[in-house]
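Enquirer: Model the full assembly from the supplied sequences, consistent with the hints where possible.
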Amino acid sequence: MKQKQSILILVAIFFATLLTTLNTGCGVYSFADVSIPDSVKSVRVNFIENKARYVNPQLSPQLTERLRQKIVNQTRLQQTQNDNAHWDINATITQYDVSTSAISSNQSGGTGGQRQGAVTNRLTVGIQMTVLNRLNNTSQEFSVSRNFDFDAQLSLQNAENQLLDEMLRNLTDDMFNRMFSNW
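full-length UniProt numbering puts the sequence shown at residues 1 to 183.
In short, the hints are calculated from the structure, not lab data. Keep in mind that a hint or two might mislead.
Stated by the list, open to error - Derived DSBU-like pairs (lysine-lysine); straight-line CA-CA distance at most 35 angstroms:
id, residue 1, residue 2
1, K41, K51
2, K70, K41
3, K51, K70
Just so it is clear, the structure is predicted and the values come from calculations on it, not from any experiment.
Expert: Dropping the structure here:
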């Protein structure tokens, strides 16, 4: 009987320790207002221009709107379109390139031999950002780049359609984290 009680006490201690450890680790990952000085109250997110060699016409307007929404939803900053915003955010899509990311030699050639062929392509999107702090007339520049892999048998247009939501979500998160966190 005492052995059963001892085992139950050890199990209870183990779970209490585990629960305490997990609970204390949860608060570390909050990003809301991480690096926003108290004096900053407003922000203007300008339209994200697309100056890449290849232009996906859907990306700029949707990325601009997603970034605006994320800032409104996850910070205390007031969105404005006035020239007197405390922070003025400018961003430009500078890279939108496709490359081969995986090659396979398992494809059979026309003469019965093997030939190499692309299995996976990679779309790389790069963004340059500038945050102008009008309160102290300083600016910070950031770069964000993200890769998106897709099946090489898809056309770029089909891949873009499949990847658009993922691209918007990941690029918005990367831009937000570069501006507002201490990573």
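Enquirer: Run every hint past the structure and note whether it holds.
Expert: Verification of the hints:
Annotation: proposed proximity of K41 to K51 holds, straight-line Cα distance about 30 angstroms (limit 35 angstroms). Under the criterion of a C-alpha separation no larger than 35 angstroms, the hint pairing K70 with K41 is consistent with the structure, at around 16 angstroms. Between K51 and K70 the alpha-carbon distance is near 23 angstroms, which keeps this suggested pair within the 35 angstroms criterion.
When the structure is compared with the earlier hints, no violation turns up for any of them.
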